[in-house]
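Protein sequence lines correspond, in order, to chains A, B and C.
Each residue of the first sequence is one higher than the one before, starting from 730 at the first, in this note's numbering.
Each residue of the second sequence is one higher than the one before, starting from 65 at the first, in this note's numbering.
Each residue of the third sequence is one higher than the one before, starting from 168 at the first, in this note's numbering.
Among the hints, a few may not be true.
Stated by the list, open to error - Covered stretches of chain A (chain C as the covering partner; in silico rule of three or more C-beta atoms under 8 Å from a C-beta of chain C):
id, stretch
1, 984 to 993
2, 1032 to 1043
3, 1111 to 1123
4, 1126 to 1140
As the list claims (entries may be wrong) - List of simulated lysine-lysine pairs, PhoX-like, C-alpha gap at most 20 Å:
id, chain 1, residue 1, chain 2, residue 2
5, A, Lys989, A, Lys1256
6, B, Lys119, A, Lys858
7, A, Lys908, A, Lys919
8, A, Lys1139, B, Lys119
9, A, Lys1139, C, Lys286
10, A, Lys834, A, Lys824
11, B, Lys119, A, Lys865
12, C, Lys359, A, Lys1128
13, B, Lys119, A, Lys915
14, A, Lys1021, A, Lys1089
What the hints assert, rightly or not - Restraint ranges, calculated between C-beta atoms of paired labels, are given here:
id, chain 1, residue 1, chain 2, residue 2, range
15, B, Leu128, A, Lys1122, 28 to 38 Å
16, C, Asn325, A, Lys1121, 19 to 29 Å
17, C, Ser366, B, Arg72, 30 to 40 Å
18, A, Ile764, C, Ile193, 34 to 44 Å
19, B, Arg72, A, Asp995, 24 to 34 Å
20, B, Asn245, C, Ile322, 49 to 59 Å
21, A, Val1198, B, Gly226, 52 to 62 Å
22, B, Leu271, C, Phe370, 26 to 36 Å
23, B, Asn245, A, Pro1048, 36 to 46 Å
24, A, Asp913, B, Leu124, 18 to 28 Å
25, C, Phe202, A, Lys1122, 29 to 39 Å
26, A, Asp837, B, Asp239, 28 to 38 Å
27, A, Gly1191, B, Leu124, 36 to 46 Å
Hints are computed from structural coordinates only; laboratory data are not their basis.
Even glycine gets a Cβ: it sits at the ideal position worked out from N, Cα and C.
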Amino acid sequence: MLNFKKSIVGVLTLAAFTFSGNVALSASCPKTGGIMKFGVKAEPPTYDMHGTNSYAVMHFVAQHYSTLLTFDWNKFPKLEGDVADTWNQSSDGLKYTFKLKKGIKFHDGTPLTSADVKATYDRLRNPPKGVISVRKALFSSISSIETPDANTVVFNLSKPDAFMMDGFASPFNAIYSAKDINKDPKWHLKNVNGTGPYKFTSHSKGESWKASKYEDFHHGDNCLDGTEGYRIKKLGEPLIGGQIMAEWRGTSPPERVMLKKEMGDDVSFQAKTLMTLWVVSLNSKTEAFKNKKVRQAINMCIDRHAGLKKLAKITFTAPRPSGYLLYNSTYALPDEELYKIPGFTKDIDASRKKAMAMLKEAGAEGLEFTYSNRAVSHPYDHIAIWLMSEWKKCGLKPKMITNPTSKFVKIRREGGFDATIDWAPSFLPDPTLMHFKYISSDRTASNYSKYIDRDLDKLFDGQAGETDVEKRKAIVHQFEKKALENAWVLPVTYTDRVIALNSKVKGYVIANSHILNNTWRGVYLDK
Amino acid sequence: MLKYAIKRILLMIPTLIAVAILVFLVLRVVPGDIVELKLTAEGGEVSLEQIEAEKTRLGLNDPLHIQFIKYMSGLPRGDLGISLWTEEPVSEEIFARIGLSFELALLSTFLAVIIAFPLGTLSALFRGSFIDYVIRIITIGGIAVPSFWLGMLLIMLVLSFGNLPPLGTVSLFVDPLTNFNQMIWPAISVGYRYTSVVSRMLRSSILEVLSEDYIRTARAKGLYEKIVIVKHGMRNALLPTITVIGLEFAFLLGGLVVTESVFNLNGIGKLFVDSVVRNDLNLLQGLVLTVATSFVVINLIIDLFYAALDPRIRYQS
Amino acid sequence: MSEIPLKIQKRRTILDFIIQQPLGFIGLIMIIVMFTAAIFAPHVAPFNPEDVDFEASPALGGGQPSWEHPLGADAFGRDILSRLIYGARTALSIGFLSAMLGCTVGAIIGTTSAFYGGKVDLIIQRFIDLMLSFPIVVLAIVVIAIFPKTVIAGIDINVIIAIAIPFTPKVARVIRSQALSIVTLPYIDAAKASGYSPSRIIFRHILPNVSAPYLIMLTAFIGQAILLEASLSYLGLGVVEPTPSWGLMLSGVNSDYYRTAAWMIIYPGLAVSIAVFSFNLLGDSLRDWLDPKLKL
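Produce the complete structure using the sequences and hints provided.
In structure tokens:
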């Protein structure tokens, strides 16, 4: 009897599956409808994701595009296909073959083929004149791209590249239509045509960005009727006052207290460490800093244990120390090793005593130096004020000079500082991405200390081509230790990112960076 | 009158040209680097060659006289160059936002005038009395209280009672109620000062009228007589008041810079602050030019108005 | 009727001022109190304004007004009363210096223009008109954008110049019209005939006689300068951390605390209002007393 019932249920279920099309689709959207209003604190300078690092562009534009691969947000950094269906890598690591999903269409109706993927990646690694591709260097190991048929793309590399697979999942590498690129390589700077979950509707300068649901989205998990993004200055009042329901960059601790007080259960928070590392870069041209002991001493005055815990309460920095790589990530130095390096030890009093002795020996007692700060409150002012008080405890005399961002970046570029606040953002805890900044200044433009260190360069190149995880870890650990002991760039800590959402917004999974997961697949509104 | 008007309008042109040249020269000296900002502020690996290439592409490496020629030749056509940040035409960036600022300025002016007139008149008529002192203190408050602080307090007030008006300015013609809700708080915040200035000017103008010889004889006769005299003397009292309304309207445009930032309104005031922070030279140039030009034009209109009311002005200079 | 302010009348002493202009006297007292607090700040302020004390931060649950911190503490646990007192230093020094600079330069330009007359006067007039084509805030921000941050003896010189420049043409215009009526007087002709140098005539004979409008404008503009400095600092374009400034204490992120620590917002705003208020009271009364007919 039971078996009979079971089989009837089984038949009915099978029938339901067959007739309703793809049951999985409706399961991924518990509820549909509604417009999600969100806020962004900056103005996008362009619509072209290839040519910018700006989070403002990401927040407004990512919803319109797809990438070759993407991440499974619940199992980050596990990869899954976005427009790619299956893929494999040759054993020598020099050939990547992708099979694309069938039936994907751009918002203007054009079908997606391998030619589009090729055109996109050609544009990324070899931009035509007048087009800027800010991450060009990351694709330098690709020697050619082939399209044997309309659904297959083959990437040929000139040398093994440990980062390449993750690179395909970078949200900035939006797949453009070859037809649009051929029409005008700069077309995407001011126009939008993608395969993403939401279609571009309008951009009201300085004010709003509106999008509507794309009915033929190939994953089918775009649950909202549309989105509206607004330019905001502060998060608190707009969220409380119902002007927006979400903001993706993050809130500060005092802001959260206020939001909780005002909104109670109407607000929900999600937290994840953001992979932006705050550092202090010391200028290699400053006389006093040429002595390694002085640099180490400056590093040792900072109380990274108790001090960072307190700092984390007033701004969105993480409450614990870190090397250059995100703590607890695959390649990071284990804590026991990190805490042995000068500046990271637990006994701050001993550390400071030693530092003052080192300074005295080097003739740099009570050293005066300038610290260039950016005129933005969170977390720059907060970090700066905290660092000033830390250094004063060693008898040092730092002088804080604050400038608006455009002046600040110029000063940083030209070396018009003794010490400067600096930052190293990333979306993946991959050493190739994150260690780039610390190699010699003739190889990277983001080494503002402008030092040369061929040993570090060798170690970096070594890990970039090493695909065996354990071997790579060994090289990376060597790099971290050496660079941290050199103390040219002093890590402060990572960022504690907490986003505030109106509790209506559901289905969102926060990732390790505010530039990740901005397509809002699976996000729905619920009272 | 017509001759005077034409003369004044023609005189305006050299002033505007001089303004344009001054704006150009002054802004060449602005330190800061927008291309660095655009490309490196969020981190990531951008090479020095790429940065230089962008600068050249945007015309920042052109020699000074080339930049000047491009700038001056574009002006008569209304071409103010392109914004270094968005690469959209500056005139479009400004045009998209100027309506809001203008509406805000008009609303504040309207509020100011309808409140200041009774306030100023009462204060003058009852000079020395309790009412006068109270009004004087209120109006000095308007000149002393920072408008951004008042704005912050107003926002908190509105929040404690309910929701804030929606973002994304709604046109007056589409949804007047929402538009009013969006505009009234910033209008109060920036208009408080305006109201006070006009009220004070009206007060002192009326007092002056009242102290004229031909008035003094009537003063002893009491309040009713005063009112009658003031009605006749009002014309003389109005002139400096109207001048101040005109002058302060221009000051209002400056006050919008801070108010729009406080209330997050998408007007040219906020655009101005943004362009300074980002070092968007072309946009900054275009904005300063636009504001200066409106200033000059508004002053001209006020002067013409003044001249129409007071024939003596036309025959001076 | 002559425009020269009459100084001859009856003996006008400070006592007369106090009696006739009580509001102005109150303003004067408040200004003296502020100046005293600012000058003796290290002795008056209970804390160093830059002393960070995270435990006292409202973010960690502290910072309420108490015996230790009469007006509470800010986000970094810095004492607000001390920051207000040192902020008075910033406000008064920047306010006073920029108003002085602007008014003095403006007065000199105005009298020189009136003295020389003719072509010189015309050119200077045009230039003044040009400068007057910009709203004060706009002009100040543009000057801020141009000048690099220069700090001498703890004072932001670039902010002072930025605030002084918009005032100069206004003062120049008013002083010029006053000076014009003096320049035509016979005794100036006599001085010219006696061979006195132009600078001597300007500085010894004309300027002293425009002291009334000068003083009135000075007090008015100190108030406006304080307000302008607060606005610029609020926007992040004026004084920046860690210098204490009332405007800076109100800037953007501090309003995150409006529910948990309202004192952080109320007191600095009050400080600005009271300071500007006092200067305006004084200025109004000065004008009433010295020259009621003066149109600014």
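List of violated hint numbers, smallest to largest: As far as the earlier hints go, 9, 10, 12, 15, 18, 19, 20 are violated by this structure, in ascending order.
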